[in-house]
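Student: Chains as they are written, first to last, in our numbering: chain W, 33 to 158; chain R, 33 to 158; chain F, 382 to 527; chain P, 382 to 527.
I should point out that these hints are in silico values taken from the structure, not numbers from a laboratory. Fair warning: there could be bad hints in the mix.
DSS-like cross-link-like pairs, simulated, lysine-lysine; straight-line CA separation at most 30 Å [stated by the list, open to error]:
(1) F/482 / F/456
(2) F/501 / W/122
(3) P/482 / F/449
(4) F/466 / F/454
(5) P/451 / F/449
(6) P/449 / F/445
(7) W/115 / W/143
(8) F/501 / W/114
(9) W/62 / F/449
(10) P/449 / F/449
(11) F/464 / W/62
(12) F/501 / F/472
(13) W/89 / W/115
(14) R/74 / P/451
(15) F/472 / W/143
(16) P/454 / R/89
(17) W/96 / R/96
(18) R/85 / P/397
(19) F/445 / W/114
(20) F/464 / P/451
(21) W/143 / W/122
(22) P/482 / W/62
(23) W/85 / W/96
(24) R/74 / P/456
(25) P/482 / F/397
(26) R/74 / P/454
Predicted model only: the values in this text are computed from it and were never measured.
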Amino acid sequence: MENNKEELKNGNEEQSNAIFEVTDHCLIIKLTSELDHHCALKIREKSDSLIAKGNIKNIIFDFKEANFMDSSGIGVIMGRYKKVIFTGGKVAVTNVNETVDRIFRISGLYKIIEKYETIKDAKKAL
Amino acid sequence: MENNKEELKNGNEEQSNAIFEVTDHCLIIKLTSELDHHCALKIREKSDSLIAKGNIKNIIFDFKEANFMDSSGIGVIMGRYKKVIFTGGKVAVTNVNETVDRIFRISGLYKIIEKYETIKDAKKAL
Amino acid sequence: MSETNEITLEFDSKSKNESFARMVVAAFVSSLDPTIEEIADIKTAVSEAVTNCIIHGYENEEGKITLKCKLDKNKLFIEIMDKGKGIENIKQAMEPLYTSKPELERSGMGFAFMEAFMDKLEVLSTPGAGTTILMEKEIQSAASKS
Amino acid sequence: MSETNEITLEFDSKSKNESFARMVVAAFVSSLDPTIEEIADIKTAVSEAVTNCIIHGYENEEGKITLKCKLDKNKLFIEIMDKGKGIENIKQAMEPLYTSKPELERSGMGFAFMEAFMDKLEVLSTPGAGTTILMEKEIQSAASKS
Ligand SMILES: Nc1ncnc2c1ncn2[C@@H]1O[C@H](COP(=O)(O)OP(=O)(O)O)[C@@H](O)[C@H]1O
Ligand SMILES: Nc1ncnc2c1ncn2[C@@H]1O[C@H](COP(=O)(O)OP(=O)(O)O)[C@@H](O)[C@H]1O
């Protein structure tokens with residue numbers, strides 16, 4: 033199960049914004065910085081190049097290390113959602129703190145994505 | 033030994049800069065913010081009013097919660113040193129991190145004050 | 382010490398300065414000892430306005446953004462200004478979900494968030510000259526709450 | 382993205398803004414991922430220069446302090462300016478332990494610290510018009526070190 037896992041840091045950046053992992057057709061994006069427009073640009077680029085490879089069904093955005101998000105974060109999550117929905121995929125968010133949760137609630141994003149406690153919970157449920 | 037201990041916060045401030053304790057004729061100033069000019073002004077005022085009461089011999093500046101100091105900090109420590117030296121008192125600093133230690137070394141302050149690991153060590157040695 | 386405090390910050394229109402602007406405002410209000418939620422509200426609103434200057438005002442070209450903050454007792458005033466392209470139709474721009482740049486994956490929620498998280502929001506804009514966002518928020522400092 | 386980034390911050394001459402100025406500069410250089418020691422060096426130098434504007438430049442009266450920071454690749458340029466009383470004798474002012482305000486418990490080590498912690502220090506001053514401090518420091522970012 034865990035042996036087809038690849039861990040990819042965007043190491044060419046001054047500071048990496050996320051760690052990308054693909055396991056069992058699930059793209060896990062562990063955010064390591066605040067999810068704003070600056071970060072969204074990089075997440076979008078990297079995740080789309082991974083999605084383009086064709087073996088990704090679901091996406092999990094993990095907020096364990098990200099305690100801030102603004103409307104640019106909503107944009108990048110919606111954008112990825114639109115990519116996987118056509119092939120029956122889903123998008124989930126995990127380890128969401130109170131601050132980020134508020135943004136999701138206000139934006140109405142929970143109507144189309146699911147929230148789980150942990151990455152493990154999300155993988156089981158998706 | 034511990035029963036004549038009084039703990040005094042400067043609670044009228046937006047944010048307190050230090051906790052003052054007097055035990056066994058020793059004034060312990062536990063810094064709770066960065067020791068700059070702004071903080072120094074308050075430390076000076078509060079400690080001098082305590083020293084004026086007359087039962088203080090030694091002074092310990094504790095840096096456990098203060099990870100920054102500039103030359104204004106040197107000024108406030110020197111100033112208190114000058115107050116207690118005439119009555120045979122001493123000044124010590126404790127829990128000094130690498131950053132603050134460098135300031136003490138460069139300033140030459142270790143020629144007149146002692147550094148100890150903990151407040152307990154300082155109290156024993158003074 | 383007088384009870385007002387004021388700063389003016391001018392910085393380059395670059396996406397990496399979004400987090401910088403948030404940190405500056407958070408540092409500026411820290412003397413009032415705001416709650417985590419209040420800080421988050423302010424950071425989000427600032428982030429939205431600054432991002433808009435970069436994406437919409439200057440359309441990712443070079444430019445300068447001005448951020449003014451003022452504290453008067455426990456009231457925070459924020460002004461964020463660009464000298465970019467300006468907004469033709471402010472009413473439409475402020476509608477929730479409206480965005481002129483869907484191709485950039487904008488959600489159109491920027492103004493809605495500024496309104497939700499701040500007590501007051503005002504948008505001044507002149508097409509071709511630039512946009513100024515005015516926001517206000519009262520900080521119920523920890524002290525006055527307890 | 383071009384390799385320079387520049388900010389200008391104007392703030393009130395108040396002692397509580399000393400820590401604010403340090404935080405702003407620390408946030409500004411954070412994109413270069415400096416070491417803890419480098420951040421401490423820069424914060425100390427900024428703290429000294431800003432404190433001097435407040436105590437010596439404006440002698441605790443009202444005034445505005447301007448802080449400019451520029452990053453050119455991994456080189457940090459800092460300019461700190463007041464429009465206060467200025468310095469009559471710059472050479473004497475820069476002597477270690479010299480202070481014109483011993484009654485305020487000044488240690489006279491401000492300029493010595495700025496010199497010790499930065500790569501370059503320049504002091505420009507006109508009596509009656511104000512003082513400008515120019516400093517430079519190369520950030521050996523974590524990346525280039527390993
Ligand atoms: N500073 C600005 N300069 C020019 N146009 C702006 C500016 N800020 C906002 N706008 C316009 O208002 C619209 C709505 O803004 P907003 O609610 O923040 O959503 P979004 O940024 O997601 O598009 C933008 O799409 C843009 O057309
Ligand atoms: N911004 C300034 N405006 C006017 N005088 C200044 C300024 N900065 C420094 N000086 C003068 O230079 C002297 C030395 O400064 P410094 O080395 O920082 O020591 P200190 O601040 O402890 O006096 C000060 O005492 C003051 O006379």
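Student: Can you list which hints this structure breaks, lowest number first?
Tutor: 1, 2, 3, 4, 8, 9, 11, 14, 16, 19, 22, 24, 25, 26
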